[in-house]
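K.L.:
Each chain is listed here by its residues.
Number of protein chains: 2
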Amino acid sequence: MKGKIIESSIRLFERRGFAETSIQDIVETLGVTKGTFYYYFSSKEELLMDIHLSYIDGLIARQEEILRDASAPASAKIRGIISLLIHDIQCQGLSAKVFFREMKILSEEKLRQIVPKRDLFRFNTEQLVKEGIKNGEFRPDLDPAIVTFGILGMANWSYQWFQPGGRLTEDAVSDMFVDMLLTGIAVK
Amino acid sequence: MKGKIIESSIRLFERRGFAETSIQDIVETLGVTKGTFYYYFSSKEELLMDIHLSYIDGLIARQEEILRDASAPASAKIRGIISLLIHDIQCQGLSAKVFFREMKILSEEKLRQIVPKRDLFRFNTEQLVKEGIKNGEFRPDLDPAIVTFGILGMANWSYQWFQPGGRLTEDAVSDMFVDMLLTGIAVK
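Residue numbers (the working numbering), protein chains in the order written: chain C, 9 to 196; chain D, 9 to 196.
So here's chain C without its partners, still in its complex pose (with noise of 0.2 Å):
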């Protein structure tokens, strides 16, 4: 019940914004009490902050596993970071939606806890940034922060427009994305 209450507050969250649900609107989806609601979370905005925590904590834990990978180039990793995003807005995209809309929300004390997380993201994008440039990879003559803000707009991005099922697949996408960002759309 946990994993559904979630699932259609998503949902209503993303079509109406979180502001204009109520806790009623979530319980009448799902034709149970509030009192259900209430067994698991303690408010609106405790269920949002778990919709917060589960989609940053998957997508940190994901791209560790890729960053594990001694063997793998910088530029592989780079392509698996921007294929997790663009894959997690294909699986979780009104979940996303919800995470780039619904941030301001969220009191100070809950933006401790999620803030460090994006900053997290970002911080290891960098350093693979950093260490492309070390092991000759990358141009040293770019900045790598504007570098990593470059390549997660590209990618966070695709929450906008990416149309699961549509023209061209998130493999697709990502592929052309990476080679945009390797090889530049220049003509040489």
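Simulated from the structure, these hints should not be mistaken for laboratory data. There's no promise every hint is true.
So the derived label-pair ranges between C-beta atoms look like this [said to hold, decoys possible]: (1) Asp58(C) <-> Gly66(D): 34 to 44 Å; (2) Val195(D) <-> Gln135(C): 10 to 20 Å; (3) Ala180(D) <-> Val195(C): 24 to 34 Å; (4) Gly144(C) <-> Pro148(D): 25 to 35 Å; (5) Lys138(D) <-> Ala78(C): 36 to 46 Å; (6) Glu116(D) <-> Gly144(C): 31 to 41 Å; (7) Asp149(D) <-> Asp77(C): 23 to 33 Å; (8) Ile68(C) <-> Thr41(D): 43 to 53 Å.
C-beta atoms are modelled at their ideal positions from N, C-alpha and C, and glycine is treated no differently.
Since chain C is already given, all that's left is putting chain D on it; use the hints.
P.N.:
Frame of chain C, contents of chain D only:
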């Protein structure tokens, strides 16, 4: 006064979210009466619509100025568009944040006015990418739609992190993004 209402409500919407900000909050911040608010806007939603329209109309007008320059190569126009988007974050940062975050709040009818404008901005950018492929500037093996999403993602994502007055100017960031985009980050 209209401008002041817009300005201070953008600030409130950004900080608290649209749904959590009341007309009372807006007028209190300005020390005016609700009558003053209703003299300019029929509702909070109309005010949000006003913020959205002036944001996107401004972007499109400046984009069309960039595109009009027949003598510039496509790469220079792409640089112009990236710089325009990042510049906008600097100057209208809160407006941009409210724009991206509060889209869903608008009614279907109001969205029908906004969405085609967003699409036009993207469509203009994609046309430019196609033009660059046609005139031999850009690689013909990349998908223009995906390249466009990549460019807009890099630039638009800056609303999440770009700090006016920070370590790098908006010009430095734009230059680096264009450099990454055209030439790639890999060592040749």
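K.L.:
Determine for every hint whether it applies to the structure shown.
P.N.:
Checked hints:
1. For the hinted restraint 34 to 44 Å between Asp58(C) and Gly66(D), the CB-CB distance of approximately 39 Å keeps it satisfied.
2. The supplied range of 10 to 20 Å is met by Val195(D) and Gln135(C), whose beta-carbon atoms lie about 18 Å from each other.
3. At roughly 26 Å, the beta carbons of Ala180(D) and Val195(C) sit within the given window of 24 to 34 Å.
4. Between Gly144(C) and Pro148(D), the C-beta spacing of about 30 Å keeps the proposed range 25 to 35 Å intact.
5. The supplied range of 36 to 46 Å is met by Lys138(D) and Ala78(C), whose beta-carbon atoms lie about 42 Å from each other.
6. At roughly 54 Å, the beta carbons of Glu116(D) and Gly144(C) sit outside the given window of 31 to 41 Å.
7. Range check, Asp149(D) to Asp77(C): about 29 Å between beta-carbon atoms, so the 23 to 33 Å window is met.
8. Between Ile68(C) and Thr41(D) the beta carbon distance is about 50 Å. The supplied range of 43 to 53 Å therefore holds.
Going down the numbered hints, you'll see the structure goes against just number 6.
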